[in-house]
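**Q** My request is simple: use the sequences and hints to build the entire structure.
Residues per chain, in single letters:
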Amino acid sequence: MFAYTVRRVIATIPVMGIVALFVFSLLYIAPGDPAAIIAGDQATPEDVERIRASLGLDRPFIVRFLEWLFRVLQGDLGVSIFTNLPVSHMIKQRLEPTFSLMLLTLTFALSCAIPMGVVAAWKHGTWIDRFVMLFAVLGFSVPVFVVGYVLAYTFALQLDWFPVQGYTPLSNGIGGWVSNLTLPAVALGSAFIALIARITRATMLEVLNQDYVRTAKAKGVGQRAILFVHALKNAAVPIITIVGIGFAGLIGGAVVTESVFAIPGVGRLVVDAILRRDYPVIQGVVLMFSFTYVIVNLIVDLLYTVFDPRIRY
Amino acid sequence: MSSSAPLLDIQNLQTHFGTIDGVVRAVEGVSFSINAGETVAVVGESGCGKSVTAMSILRLIATPPGKIAGKILFKGTNLLELSEPEMQAIRGNDISMIFQEPMTSLNPVLTVGRQIGETVMLHEGLSAKDAEQRAIEMLTLVGIPAPARRVREYPHQLSGGMRQRVMIAMALACSPQLLVADEPTTALDVTIQAQILELMRDLKTRVGAAIMLITHDLGVVAEMAQRVVVMYAGRKVEEGSVEEIFLNPLHPYTRGLMGSMPKLGSSLHETGRSKLTEIQGQVPSLRKPIIGCAFAGRCPNVTDVCRQMAPAIEEKAPKHLVACHYAPRAAAAA
Ligand SMILES: Nc1ncnc2c1ncn2[C@@H]1O[C@H](COP(=O)(O)OP(=O)(O)O)[C@@H](O)[C@H]1O
Ligand code: SF4
Ligand SMILES: [Mg+2]
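Taken in sequence, the protein lines are chains E and Y. Under the working numbering, the first residue of the first sequence is numbered 10, with each subsequent residue one higher. Under the working numbering, the first residue of the second sequence is numbered 1140, with each subsequent residue one higher.
Each statement offered as a hint is correct.
Stretches of chain Y that chain E covers, calculated by requiring three or more beta carbons in the stretch to come under 8 Å of a beta carbon on chain E:
| hint | region |
| --- | --- |
| 1 | 1227-1234 |
| 2 | 1240-1246 |
| 3 | 1258-1264 |
Okay, the calculated beta carbon distance ranges per label pair:
| hint | chain 1 | residue 1 | chain 2 | residue 2 | range |
| --- | --- | --- | --- | --- | --- |
| 4 | Y | 1446 | E | 137 | 40 to 50 Å |
| 5 | Y | 1296 | E | 273 | 50 to 60 Å |
| 6 | E | 132 | Y | 1162 | 18 to 28 Å |
| 7 | E | 135 | Y | 1214 | 31 to 41 Å |
| 8 | Y | 1157 | E | 137 | 15 to 25 Å |
| 9 | E | 318 | Y | 1279 | 19 to 29 Å |
Example chain E residues on the side facing chain Y (calculated, C-beta under 8 Å, incomplete):
| hint | residue |
| --- | --- |
| 10 | 221 |
| 11 | 223 |
| 12 | 224 |
| 13 | 229 |
| 14 | 230 |
| 15 | 316 |
The set of hints was computed from the structure by calculation and includes no laboratory data. Source: prediction; values computed, not measured. The C-beta atom is built at its ideal place from N, Cα and C for all residues, glycine as well.
**A** So, in structure tokens, the structure goes:
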């Protein structure tokens, strides 16, 4: 198990290397010339060249990539073209809101989606099942920002149950933190709930037909324990796999959600950076998100062994 | 109830399934009883409703699409009238069941100890720690070596025979009065079959449970049972003591099954397992009501009477019931 963990961690290195290469190439494949943008509208071609040279944009790609990679490995993500602040510092300042939003969304989504999927499978073919499936289709097809605006309009503006926007740090008390993040988490979570509820239902339908479920019933196990212990544990592997894969969507959704609810997180940071073509910041954020995704999927892989003893590494 | 009343008394059991293309009459008016401590074998070709009968007793049939009618009296209480929680208290406690497929009947993600222990935690309120202790005792009882280690293992770490032993341990953990065993050895290879049967016989005398033993295997019937119920197309066609059924089968279907069977006695053990023999013809569809005798389509003795009128089940010899118009009546019977 330990050996496997080490191997898996090592295996992420090439993945991260490719991600790094891609992130670095963004500068080349994206439209627009950063040197020209920084130089401004009145700049002469000479000015632009000077800035290009000062950014190191005139040297060979591979040299610049390796230099950049070396600095990144030391935690130096470069300096923002716009604010002149270290990118790592800018990201660090924005991490708490983003991770708070994701954590709350994940908790909320899983605690809704799994019972929904389980009950839908148990009561399959009934109106409960149809309702869950309808929700799953809607949750998946309505974009995050639409859900976000509808929620904000209804529950913040009209009913005044939650703040319309903004973020309260956890250090200022959990109440404000939760109340600020509730609507964003629901908005961001709706597609995720749809995804997880569907896979839970599908997997549970299969599991509930297995012989061992009948055995459990024949022993006198109650319905709830049959569903949530005997069956759900067998359905866990496909579910956590989808959670891992769906995490990418969660990251994308977080960027949008932060904009809708004016949450000062990494997502907002990267949107602003994109608008300004602030490449070091874009690169830093994309790298950070990619790293998070890889880590989440590493955890998912390791969790398999917790839920299914037949999986051994 | 008086002490002579049967432990289980099934009266006119009817289990039907509603399907898209009609009602499947899987069990159609079956009655039989099992006394305390007795082993009753239920035999018949596959698809004749043995498993459905067994699962109806424990109410393991999903309703809908299933529909169970009749009476299933267990110690005088009609199980079909109990609430689901009342039924849960009986399952695994007073009546338990073992299934044909040991490879798939255990939960792959729960330890063996947990699965055995769960039963006693549920029905006897034992703590998790005591339950594990009981699980170890049960594993010892069913002859699994190194039980203290095995309780922590998962089913995939055990062989098929071991898993069936675990199933038996699980079924007997609460000392049930009735054990329903649905082809418990069919999926196992011959040497393991013999061991499992030996174990069941041994445990039966120790625990004192009655057994409803469903089997394809007439050798098993001869070794294990006192009485036999023969089923065909969801009906009971013959019932009697093992001796009566083997020495004096009266229903043409039973005779067909016995076709190549050696006579009851020492030769049984020597010839080993004797599967039910193939009988010519097709089992009638259970999707439409059968007019006349269900066996008419395959019976060598069939007449027009058989095709028009279903034979009633009658006592043709003492305690020997047969549903056939032409079964000879023994002189001694009324
Ligand atoms: N859930 C179900 N829906 C429809 N038909 C069923 C269902 N379960 C069993 N049956 C039918 O009931 C009949 C008896 O099955 P079963 O009791 O399993 O036979 P066996 O004697 O081999 O154990 C079969 O024809 C089978 O197709
Ligand atoms: S009633 Fe007729 S058809 Fe049915 S078993 Fe007897 S002889 Fe055969
Ligand atoms: Mg069967």
